[in-house]
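Here is what each chain is made of, one letter per residue.
Number of protein chains: 2
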Amino acid sequence: MPEWAQQIRKGNVRALARAASAVENRTPAADALLRKLFPHTGNALVIGITGPPGAGKSTLADGIIRLLRREEQRVGVIAVDPTSPYSGGAILGDRIRMQSHYADPGVFIRSMATRGHLGGLAPATTDMALLFDAAGMDAVIVETVGVGQDEVDIARLADVTAVVLVPGMGDDVQAIKAGIMEIAGVFLINKADQPGADRLEREIHAMLSLAHHDGPTPPVVRVVASEGGGIAEALHAIRSVAGDRGGHERSEHIWRRRLLEMYRERLLNRIPAAELDSAARAVALRRKDPYSIVDEWLRRI
Amino acid sequence: MPEWAQQIRKGNVRALARAASAVENRTPAADALLRKLFPHTGNALVIGITGPPGAGKSTLADGIIRLLRREEQRVGVIAVDPTSPYSGGAILGDRIRMQSHYADPGVFIRSMATRGHLGGLAPATTDMALLFDAAGMDAVIVETVGVGQDEVDIARLADVTAVVLVPGMGDDVQAIKAGIMEIAGVFLINKADQPGADRLEREIHAMLSLAHHDGPTPPVVRVVASEGGGIAEALHAIRSVAGDRGGHERSEHIWRRRLLEMYRERLLNRIPAAELDSAARAVALRRKDPYSIVDEWLRRI
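Here the protein sequences line up with chains A and B, keeping their order. Going by the working numbering, 148 is the number at position 148 of the first sequence; the sequence numbering is gapless. With positions in the second sequence counted from 1, the corresponding number in the working numbering is that position plus 301.
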C-alpha cells in the first residue's frame with residue numbers, strides 16, 4: 001500500500017490507472033489508499049463543466065485542456081456518464097473529440113459510469129478528483145452531461161462549476177434554472193456566433209438579477225469553443241471565481257457537503273438489496289410500517 | 302395519541318391541521334402518530350404534478366381538484382415550496398389561484414417549505430401524503446415547482462407524476478429531460494391552443510421513442526387548463542397509468558425508495574450541525590482525512 005501510494009505520487013500512470021479502477025469500483029483497497037493519499041491533496045483546482053446535451057461541453061473542455069497544457073499544467077479529466085437512455089451517442093462523440101489528448105502523458109482521462117449505486121455518483125466522483133489531486137494534477141475537470149439530479153450533486157462538489165448554454169433555448173433558460181442557479185459559478189454562452197446569443201445573455205442576466213446570491217454574481221462569458229474563441233477568457237473567469245470565493249471558507253463549505261455525501265453512501269450501502277426488497281414488500285402489503293423498519297435498521301448499525 | 306389518531310381518521314380538520322404541522326416540523330410526536338396511522342393508508346392515489354415555472358401547474362391542479370370534487374372525492378393538496386430564489390412570486394400567485402378551494406371542507410391544502418433539512422424534502426412530503434391518506438383523502442396532489450433535485454426526489458415517491466410542459470420551449474425539451482424522463486408517468490401539454498403545441502408534442506414523442514422505458518410509454522395529453530379544456534382526459538390518463546402499473550409491484554418499488562429516503566433523513570439528522578462544521582473545517586485544513594471522520598460517525602451510531 002505505501003508503495004502504491006508512492007507510485008501514484010511519483011506520477012506512475014499504471015499505478016494511477018489501477019487506483020482509478022479501484023475508486024470507481026468502490027473497493028476497500030480504494031478507501032485505504034485514499035486515506036493515505038489525502039494529506040497530499042488540496043492543490044488541484046476542481047472545475048465542473050455542465051449544461052444540457054449538445055451545448056458543446058466536451059469541445060469546451062478540450063479547449064481548456066489545451067490552454068492548461070500550454071502552461072505545462074497536468075490535467076485530470078473525469079467524464080461522468082449517467083446511464084441515461086440518451087447518453088450513449090453523445091458520450092461516444094464526446095470521447096472521440098477528447099482523444100487528441102490520449103497520447104499526452106500530461107492528461108489523464110477517465111470515464112465514470114453509474115451502475116446504480118445507491119449512494120449516487122457524487123461520492124465516487126469526489127474520490128476520483130482527490131486521487132487525481134494527490135497524483136499531482138494541477139487541474140481536474142469534471143464534465144457532466146445533462147442537468148439531472150446526479151449532475152447537480154456532482155457540480156456542488158467542484159471548486160467552481162461552469163454552466164454551458166447555447167443560443168436557441170428560447171424562453172427556457174427558466175426551465176433549467178432551478179438546479180443550475182445553485183451550482184453555477186460561471187456561465188458560458190457557447191456558439192456565441194449564432195443568432196440568439198444576445199437574447200440568451202440578456203436572459204441569463206435577468207435571471208441573475210432576480211436571484212439572491214450568497215456570493216458575487218457569476219460572470220457570463222461568450223465562447224465559440226469549436227474555433228477556440230473566448231476560451232482564455234472563460235478559463236480566466238473560472239479561475240477568478242475560484243479565487244474570489246476565498247480558499248478556506250469555500251473549502252469548508254464544500255467539505256460539509258462531501259462529508260454528508262460520503263456518510264450517506266456508506267450507510268445506504270449497508271442495507272443488503274434483498275433485505276430492502278423484502279422490507280418494501282412488507283410495507284406495500286401493510287404487513288409492517290416503514291417507521292418501525294427504519295428504526296430497526298438504525299438500531300442495528 | 303390514540304385519541305388524536307382517531308380524530309384524524311374521523312375527519313376532524315383541526316386534528317389534521319395539528320398533525321400536518323407536526324409532520325412538517327418533524328417532531329417525535331409526528332413519528333408516533335404516523336406509526337399508528339400507517340395501517341390505515343394505501344387508499345389514496347398520490348398524484349405528482351411538476352414542470353418548469355410558468356407551465357400552469359396550479360391552474361391544472363385546480364381543474365383536477367374540481368373534477369375530483371364533482372365525484373365527491375376528498376382531496377389533499379401538498380404544495381412544495383423549495384426556498385428557491387424564484388419561488389416567492391410564483392408560489393404566491395399559485396396559492397391565490399387555489400384559494401377557491403379553501404372554503405371547501407373536502408379539500409385540505411398544505412404548503413411545505415424547505416427550511417434546509419439535511420434529509421431533503423422528500424421524506425417529509427411522503428409523510429404528509431400518508432397522513433392525508435390515513436385521514437381518508439381519496440387523492441393527494443403533490444405540486445412541485447421547477448425541475449430541480451428536490452422535485453425529482455419528490456416526484457419519484459408519487460404513485461404517478463404528470464409533467465406539465467408548454468409550447469415555446471424551443472429545442473429545449475432536451476435540457477430538462479434528464480431528470481424528467483425518469484419520473485414522468487404522463488406528459489401534459491398545457492396552453493395547447495398556443496402556436497408550437499404540435500412541435501412540442503413531436504419533440505416529446507421523439508424523446509420518448511429514444512428512451513428505454515421500463516413500463517409502458519407515458520401518454521401525452523393536450524390541455525388548456527385556464528379554460529378547463531382537456532382536464533378530464535388528463536385525469537383519465539393519470540388514473541389509467543396508475544392502474545396499469547399494477548398495484549403491488551409498483552407500490553413495492555416506490556416503498557423501496559421511500560424507505561431509503563426515510564433512513565437517509567434520520568441518519569443525516571443525527572449529526573449535529575456544529576460537529577459537521579468542525580469536521581469540515583478540519584478536513585479543509587487537512588488536519589483530518591474525511592474517510593476517518595465518516596468511519597467515526599459510522600462507528601458511533
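Hints are supplied without guarantee of correctness; some may be wrong.
The list that follows gives simulated cross-link-like pairs (lysine-lysine, BS3-like), each with its CA atoms no further than 25 Å apart [claimed, not checked]:
(1) B/Lys589 with A/Lys288
(2) A/Lys10 with B/Lys589
(3) B/Lys589 with A/Lys36
(4) A/Lys36 with A/Lys10
(5) B/Lys311 with B/Lys337
(6) B/Lys337 with A/Lys10
Covered by chain B, according to a simulated footprint, are these stretches of chain A (three or more residues, beta-carbon under 8 Å) [to be verified]:
(7) 9–22
(8) 254–261
(9) 265–276
(10) 284–290
Calculated from the structure, these hints are not laboratory results. For glycine and all other residues, C-beta sits at the position ideal for the given N, C-alpha and C.
Status of the hints after comparison with the structure:
For the hint pairing lysine 589 of chain B with lysine 288 of chain A, the CA-to-CA distance comes to about 42 Å; that exceeds 25 Å, so the pair is violated. The suggested pairing of lysine 10 of chain A with lysine 589 of chain B holds, with an alpha-carbon distance near 23 Å, which does not exceed 25 Å. For the hint linking lysine 589 of chain B to lysine 36 of chain A, the alpha-carbon distance of about 11 Å falls within 25 Å, and the restraint holds. As the CA atoms of lysine 36 of chain A and lysine 10 of chain A are separated by approximately 14 Å, the hinted pair is consistent with the 25 Å bound.
Pair hint lysine 311 of chain B plus lysine 337 of chain B holds up; C-alpha atoms about 14 Å apart against a cutoff of 25 Å. Restraint check for lysine 337 of chain B and lysine 10 of chain A: the C-alpha separation of about 61 Å exceeds 25 Å, so the hint is violated. With a cut-off of 8 Å between beta carbons, the region 9–22 of chain A has 0 residues touching chain B; three or more are needed, and the interface restraint is violated. With 6 residues having a Cβ less than 8 Å from any Cβ of chain B, the region 254–261 of chain A passes the three-residue criterion, so the hint holds.
Only residues whose C-beta sits within less than 8 Å of a C-beta in chain B count toward coverage, and the region 265–276 of chain A has 5 of them, enough to reach three; the restraint holds. Proximity of the region 284–290 of chain A to chain B, defined as three or more residues with a beta carbon under 8 Å from a beta carbon of that chain, is established by the 5 residues found.
Violated hints for the displayed structure, listed by number in ascending order: 1, 6 and 7.
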